Amino acid sequence: MNKKDIIKTLETIAVYLEVEGANAFRVSAYRKAAGALERDERSMEELDDPAALSGIGKGTAGIINDLRETGTTELLEELRESIPEGLIPLLKLQGLGGKKIGRLYRELGVTNAAELKEACEAGRVEELSGFGKKSQEKILAAVEDMGKRPERLPVAGVMNAVHDLHARLQAADAVTRFELAGSFRRGRETVKDLDFIISTDKPEAVKELLLGLGNIHAVIGSGDTKISVELSYDDTIVPADFRLVEDGAFATTLHHFTGSKDHNVLMRQLAKERGEKISEYGVEDADGNVKQFDTEQAFFAHFDLPFVPPEQREGRDELEQSFDDLVALEDVKGDLHMHTTWSDGAQSIQEMAEACIAKGYSYMAITDHSKFLRVANGLNEERLARQHEEIRATDADIQIFTGTEMDILPDGTLDFEDAIIESVDMVIASIHSSFQQSEEEIMKRLEAACRNPYVTMIAHPTGRLIGKREGYKVDMQRLIELAAETATVLEVNANPSRLDLSAEHLRMLLDSDVRIAINTDAHHFDMLEDMESGVKTARRAGIPAERIINTWSADDLKAFLQTFCTQS
DNA sequence: GCCGTTTTCGGCCCGACTGTTTTCAGTCG
8 MNKKDIIKTL
18 ETIAVYLEVE
28 GANAFRVSAY
38 RKAAGALERD
48 ERSMEELDDP
58 AALSGIGKGT
68 AGIINDLRET
78 GTTELLEELR
88 ESIPEGLIPL
98 LKLQGLGGKK
108 IGRLYRELGV
118 TNAAELKEAC
128 EAGRVEELSG
138 FGKKSQEKIL
148 AAVEDMGKRP
158 ERLPVAGVMN
168 AVHDLHARLQ
178 AADAVTRFEL
188 AGSFRRGRET
198 VKDLDFIIST
208 DKPEAVKELL
218 LGLGNIHAVI
228 GSGDTKISVE
238 LSYDDTIVPA
248 DFRLVEDGAF
258 ATTLHHFTGS
268 KDHNVLMRQL
278 AKERGEKISE
288 YGVEDADGNV
298 KQFDTEQAFF
308 AHFDLPFVPP
318 EQREGRDELE
328 QSFDDLVALE
338 DVKGDLHMHT
348 TWSDGAQSIQ
358 EMAEACIAKG
368 YSYMAITDHS
378 KFLRVANGLN
388 EERLARQHEE
398 IRATDADIQI
408 FTGTEMDILP
418 DGTLDFEDAI
428 IESVDMVIAS
438 IHSSFQQSEE
448 EIMKRLEAAC
458 RNPYVTMIAH
468 PTGRLIGKRE
478 GYKVDMQRLI
488 ELAAETATVL
498 EVNANPSRLD
508 LSAEHLRMLL
518 DSDVRIAINT
528 DAHHFDMLED
538 MESGVKTARR
548 AGIPAERIIN
558 TWSADDLKAF
568 LQTFCTQS
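With my numbering applied, the first sequence corresponds to residues 8 to 575, in that order.
One should not assume that every hint holds.
Cβ pair distances, simulated, as ranges [what the hints assert, rightly or not]:
1. Asp171 to Glu151: 23 to 33 Å
2. Arg113 to Glu84: 15 to 25 Å
3. Phe567 to Glu237: 45 to 55 Å
Using 30 Å as the maximum straight-line C-alpha spacing, the simulated DSS-like pairs for lysine-lysine come out as follows [unchecked claim]:
4. Lys106 to Lys15
5. Lys340 to Lys565
6. Lys268 to Lys140
7. Lys199 to Lys155
8. Lys268 to Lys279
9. Lys475 to Lys11
10. Lys279 to Lys233
11. Lys155 to Lys141
No lab work stands behind these hints: they were computed from the structure.
As the structure is a computational prediction, the values presented were derived from the model and not from experiment.
We treat Cβ as the ideally placed atom computed from N, Cα and C, and that holds for glycine.
Input sequences plus hints: build the corresponding full structure.
This is the structure in structure tokens:
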């Protein structure tokens, strides 16, 4: 078994144990062990003794060694034998945990979703002590709903909800301040729900406002401090939690619900060592005095820590790091990949320029598609020349680089001859076709693009669409080597459906000297706002600003293009 | 199951909400 399989198996063991009704700490021990393995950067070959990792003891180390040598382990086999497989998916149902599922199994003989549904319909569930009519109804509704909805939503799918809720809370008088926490704030690619933290001294009014939202699909819970609803946005159901707090508790509540869980555990352990206790409401010392903070900065400072950016709060080593050089949205001086009406964009060059000026950028590049991409009205040599004339003639208070997003064709050739692109400032090469090719063929195409002296950058290097499409087969280690050797820039495509390269891939190139650009690939001027998603992705990976070419001054960028992207 | 250590076992993050109870267990984040 490889490392990923082992991690997955440890998590499976935890799930089985949970259903078996095992001690909760024993269950979490297996989850912790899986997390410890995942966070360690070594491969299984390099990892001699798993027990050397904190969180993995003798017992789990034995299991890990079993797994890597034989592909299975006694405990897993035993659990599989004693627990019907059909019970496992039931854990995902709202309101059902290991204990209740265990009782449904033992006392009613339920072994899968269909049988659970039957038991509910026959009224057998409500007869169990601890269950009741309401529980039975909720379980039945959850079972019937099962599989209809994805567990986590790609971040692109919740953007509408984010903007809408933001606007509504902004406009509410009863709201003192608010922020979106949770995995969205940490810049994850998918989210389970949206967690809003709201400071207010009129909680009833805010509660009324939230429960009165016109697009409520279901109310999951509504207490004094927590409102939990499902909202409809077009075809998507977006779960959202709202926490209402007094302003004094805002910073610690925000921190708590930003998570991650693992990060919170680290913080609480640290507090404990100092004789303090962290909760949503503040930091309590040994005498029971609770200290509150205006900001998260002040909260971290209390523990002698620098501000830990939300994107870094994953329970790794973030409490031992400093983040001074991490890229921030304000560092971005331009956007180097965008489209106009010349190909498949919605705005003119002039309009895009004005939008970029409004964003405070000092430069931008217009990079429409090339002729191979007929569906996108790609530019041929003649139209490219005319467009670049128009760009040079555009009178705008911003440096506009000429550019192209040039297709890398299925056979590994490029859509334009060298003679065409040698005079283009920003030559972006990308793959939009023959995704099903072998890794060898894909790498041949990417290598051809990297080795071309005029190609500046590879766009969306894997071609994935989060939650929709895997992307083509890229040997990322090899691509990084090629990019380093040929000074080819790799893109972080900031489109929330892409985030490509991903944070995971970006971490792989931290030790190389490959340069990065964060681009929106905007087809409409609203999409220029996606820059934030791209920056978050880079921040998750810990990329310093100096590695990112569109944080450089226009002069530095020009010098770079002249040195590395022309033949001379 | 892991960890730390008062080296043999107790604590493991903490609080809100719900539905069931009639003071609390289970679930969730």
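Verification of the hints:
no. : hint                         : result
1   : Asp171 to Glu151: 23 to 33 Å : 28 Å, holds
2   : Arg113 to Glu84: 15 to 25 Å  : 21 Å, holds
3   : Phe567 to Glu237: 45 to 55 Å : 49 Å, holds
4   : Lys106 to Lys15              : 22 Å, holds
5   : Lys340 to Lys565             : 13 Å, holds
6   : Lys268 to Lys140             : 33 Å, violated
7   : Lys199 to Lys155             : 15 Å, holds
8   : Lys268 to Lys279             : 16 Å, holds
9   : Lys475 to Lys11              : 22 Å, holds
10  : Lys279 to Lys233             : 27 Å, holds
11  : Lys155 to Lys141             : 22 Å, holds
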